[in-house]
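Chains as they are written, first to last, in the working numbering: chain A, 3 to 295; chain B, 2 to 321.
Don't take every hint at face value.
Here are the in silico distance ranges between beta carbons for each label pair [said to hold, decoys possible]: (1) A/V286 to B/H246: 53 to 61 Å; (2) A/E170 to B/R112: 28 to 36 Å; (3) A/A83 to B/G319: 45 to 53 Å; (4) A/P269 to B/Y20: 52 to 60 Å; (5) B/F178 to A/Q222: 48 to 56 Å; (6) A/W71 to B/H246: 31 to 39 Å; (7) A/L285 to B/F178: 45 to 53 Å.
Output of the computed footprint for chain B on chain A, the stretches with three or more beta carbons under 8 Å from beta carbons of chain B [to be verified]: (8) 146 to 157; (9) 184 to 198; (10) 230 to 237; (11) 250 to 264; (12) 280 to 287.
If we take Cβ atoms under 10 Å as the criterion, some of the chain B residues that face chain A in the derived model are [what the hints assert, rightly or not]: (13) L56; (14) V90; (15) A94; (16) A97.
It should be emphasised that the hints constitute simulated quantities derived from the structure, not laboratory data. If you're wondering where the values come from, they're calculated on a predicted model, not measured in any experiment. Every residue, glycine too, gets a C-beta built ideally from N, C-alpha and C.
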Amino acid sequence: MEIFGISTALLGSQLLIGLINGSFYAILSLGLAIIFGLLNIINFAHGAQYMMGAFVAWLALTKFGINYWVSLILAPVVVGALGVVLERTMLRKLYKLDHLYGLLLTFGIALIIEGIFRDQFGSSGESYPVPELLSGGVNLGFMYLPIYRGWIVVAALSVCFGSWFMIEKTKLGAYLRAGTENPQIVQALGINVPLLITFTYGYGVAFAAFAGVLAAPVFQVNPLMGSHLIIVVFAVVVIGGMGSIMGAIVTGLGLGLIEGLTKVFYPEASSVVVFVIMVVVLLVRPAGLFGKT
Amino acid sequence: MSSTSNNSSSALLKPSVLYAVLFVVGLIAPFTLYPTFLMKILCFALFASAFNLLLGFAGLLSFGHAAFLGTAAYVCGLMMRDVGVTPEVGILAGTAVGAALGWVFGILAIRRTGIYFAMITLALAQMVYFLALQVKITGGEDGLQGVPRGHLFGIVDMSDNMAMYYMVYAVFCIGFFIIYRAIHSPFGQILKAIRENEPRAISLGYDVDKFKLLAFVISAALTGTAGATKTLVFQLASLSDVHWHMSGEVVLMTLLGGLGTILGPAVGGGTIVTIQNQLADSVGSWVTVIMGGIFVACVLLFRRGIVGEIQALIRRAGIN
């Protein structure tokens, strides 16, 4: 079967890769948006924390024989706890200052983390085996679907929608949204806002680490895997605006798909297409697709 | 108030005397230190000073200045090697390209403020990085090698390190003077007003976006100057010049030296280059960790930077 002279198998597999990349964009930009909403900082270390998630899973497997499913919980908890320590000891001191200092601090943290991992593990990358339950694939007739790749999309979408549900429909989420609107009043109403902030940062970081574990079997576990991704995610955030959770999910997936399509029709442009879209969005709708001016 | 209590020690700290002393130090420095090392410092000092015009005085954090540095480096290298122009033309071409690219970045980035501004400039610079990686003319991973230094005005042979040093020093002084003048002009005052209170500047009738854009273009142009000059010094333009690490490095230099001070970025640039030179052989990939550590220390403990702290000390001494 062919569409525009391109076989559906090729088209399908590139769209699937696009969907997978889009899932990672969605998870990471959602985490950035949640953190930004309450803390008003852009977490530059997000990419490094995603990379740490992948490495925790890899280390757990190779050093302690801990399997994938446990790592899926363990890595976010470990990395999220490190995030909580970071928030309590450093970020906390910057809230009264210009928001740019938070960006600069987390940039420095990202450099430290990346440097340490590069020193320990080199930059060639390690491979993480696909868990047995999810190995193999199914033939869908028009294309071959590796089960693990399908699992990434399902898992990513579930946690994204889970977060959406938690933020929009639960009491904790209501506190969070209220804190985003006006922290002083929420504090006056007797809610422990500093604790809420710590929890939010830890949650966002854990989210990044979860994405890292998901990514470990498909990408190389590499100290630089996060920094490449995070800059694209920044562009995604600029395109979508950080105002809405659904916006982050839709923008992330959509851009992943567009990137996949570009790979089929004009491969040379695939690494820059997200940035080009960002330029167009800035010209047409400076506040972002889902942003409020 | 201060004019009546001037003693000999504070006379030395008068700006004009200080600048004269520094100027002479720059003239005699290559007789005591390795000229290539000094030229590297001067290039980064100019780079950081140009960056500081934007961050320190207009309050705009660009995370994409590597794009201007790197593109200018490539353009200057190509002009020197493949077209065969003289070095001053190469530097001017780099400056022009920096300004043009700065205009494009500026138009897009000033549509948003604060954190978004930083993310947009970073993303645009990453786009430039990918282009530089893919386009054949830049030499991809190998970079642009064997760039000749040429003859200044077609006469003076620049392969002599001393001659090269004085040209770089002249470029630095001109660039620094332009920044100094820009800061101490009504234009610089308006930039500060915008940084302190943008709505108020708008209500006073200033076309804020125009001022921001002009600051961006000047900053990018002088960054281009630094990039082109750096290519001539090392006879090489490479991908590391356009990498986002470079954008981060210039932020660090400015922050360490003193945000919004005139001499700070140059001091910070010199310090970081020296640290990197000293550590490169001994600690390997820990350089990144150390840079990150300095970043964290600057943000948490040391926000005024080296020059800012010194100024604060002097001010405190002046009051007592």
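Do the hints match the structure? See the list:
Distance hint check: the CB atoms of A/V286 and B/H246 are about 32 Å apart, inconsistent with the given range 53 to 61 Å. For the pair A/E170 and B/R112, the beta carbons lie near 29 Å from each other, so the given range of 28 to 36 Å is met. Distance hint check for A/A83 and B/G319: the Cβ-Cβ separation is about 48 Å, which falls inside the suggested range of 45 to 53 Å. Between A/P269 and B/Y20 the CB atoms are about 54 Å apart, so this pair conforms to the stated range of 52 to 60 Å.
At about 49 Å, the beta-carbon gap between B/F178 and A/Q222 stays in the expected band of 48 to 56 Å. In this structure the supplied range 31 to 39 Å holds for A/W71 paired with B/H246, their Cβ-Cβ distance being about 36 Å. In this structure the supplied range 45 to 53 Å is violated for A/L285 paired with B/F178, their Cβ-Cβ distance being about 36 Å. Closer than 8 Å: that is the beta-carbon criterion, and the stretch 146 to 157 of chain A has 0 residues meeting it against chain B, so the requirement of 3 is violated.
Proximity of the stretch 184 to 198 of chain A to chain B, defined as three or more residues with a beta carbon under 8 Å from a beta carbon of that chain, is not established by the 0 residues found. Under a criterion of three residues with beta carbons nearer than 8 Å to beta carbons of chain B, the stated coverage of the stretch 230 to 237 of chain A is upheld, 4 such residues being counted. Given a C-beta distance limit of less than 8 Å, the hint that chain B covers the stretch 250 to 264 of chain A is violated, as 0 residues qualify and 3 are needed. Check on the stretch 280 to 287 of chain A: 4 of its residues sit with their Cβ under 8 Å from a Cβ of chain B, so the three-residue criterion for coverage holds.
For B/L56, the interface hint holds, the least distance from its beta-carbon to any beta-carbon of chain A being 8 Å, beneath 10 Å. Here the hint on B/V90 is broken, as its CB sits about 30 Å from the closest CB of chain A, past 10 Å. The beta carbon of B/A94 is not positioned within 10 Å of any beta carbon in chain A (closest approach about 25 Å), and the interface hint is therefore violated. Hint status for B/A97 relative to chain A: violated, with the closest Cβ pair at about 22 Å, above 10 Å.
Of the numbered hints stated above, those contradicted by the structure are hints 1, 7, 8, 9, 11, 14, 15 and 16, listed in ascending order.
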